[in-house]
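Colleague: Sequence:
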Amino acid sequence: MKPWIAYSLLRLGVFAAAFTVLMIAGTEPWLAAVIATVLGFAISYVFFGKLRDAVALDFAARREGPSHDPDREAEDAEADLETAAGPETAAYSATTAEGATRPDAFPRTASLEGDRQSETDAEQQSSEPRQL
Numbered sequence: 000m001k002p003w004i005a006y007s008l009l010r011l012g013v014f015a016a017a018f019t020v021l022m023i024a025g026t027e028p029w030l031a032a033v034i035a036t037v038l039g040f041a042i043s044y045v046f047f048g049k050l051r052d053a054v055a056l057d058f059a060a061r062r063e064g065p066s067h068d069p070d071r072e073a074e075d076a077e078a079d080l081e082t083a084a085g086p087e088t089a090a091y092s093a094t095t096a097e098g099a100t101r102p103d104a105f106p107r108t109a110s111l112e113g114d115r116q117s118e119t120d121a122e123q124q125s126s127e128p129r130q131l
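Numbering that gives the first Met the number 0 puts the first residue of the sequence shown at 0, with every later residue one more than the last.
In short, the hints are calculated from the structure, not lab data. Honestly, I wouldn't trust all of these hints.
As the list claims (entries may be wrong) - Quick list of simulated restraints, FRET-style, between CB atoms:
no., residue 1, residue 2, range
1, 34, 63, 31 to 41 Å
2, 83, 44, 47 to 57 Å
3, 20, 75, 52 to 62 Å
4, 82, 62, 23 to 33 Å
5, 8, 75, 33 to 43 Å
6, 73, 23, 57 to 67 Å
Note that CB positions come from ideal geometry on N, CA and C, so glycine has one too.
Produce the complete structure using the sequences and hints provided.
Modeller: Here it is, written out as structure tokens:
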């Protein structure tokens with residue numbers, strides 16, 4: 000059995016036992032739930048330390064292990080192709096698998112870039128200082 004399942008079941012069992020005892024004793028249900036929660040936490044913290052450490056090591060090992068993400072690999076392969084092919088062929092690989100065109104795939108047109116450049120040139124050639 001995986002350590003996190005055993006740890007969770009033990010904590011749930013401690014909570015259920017404490018809650019049952021408190022309900023039999025005649026405690027209000029909401030108060031019994033609060034007290035059982037605190038008791039479950041305290042008992043599991045004090046007595047289940049080895050199991051808690053095993054859960055932590057299991058989570059750490061799972062996180063450190065290699066993850067296989069086919070989507071990430073496909074995106075990396077596409078980015079490598081675009082980088083190797085150059086910007087002039089990037090527009091050809093700008094379609095998704097369904098054939099739809101990505102809206103961010105095409106670069107700005109030369110006329111827009113030219114307009115920006117002419118505005119910048121006009122500001123630099125102006126003999127009057129700009130007031131802020």
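Colleague: For each hint, tell me whether it holds in the structure or not.
Modeller: To see whether the hints hold, each was checked on the structure:
1. 34 <-> 63: 31 to 41 Å: Roughly 39 Å apart at Cβ, these two residues keep to the hinted range, so it holds.
2. 83 <-> 44: 47 to 57 Å: The hint (47 to 57 Å, Cβ to Cβ) holds, given that residue 83 and residue 44 are roughly 55 Å apart.
3. 20 <-> 75: 52 to 62 Å: holds, 57 Å
4. 82 <-> 62: 23 to 33 Å: At 30 Å between Cβs, range holds.
5. 8 <-> 75: 33 to 43 Å: holds, 41 Å
6. 73 <-> 23: 57 to 67 Å: holds, 59 Å
Comparing the model with each earlier hint shows no violations; every hint is respected.
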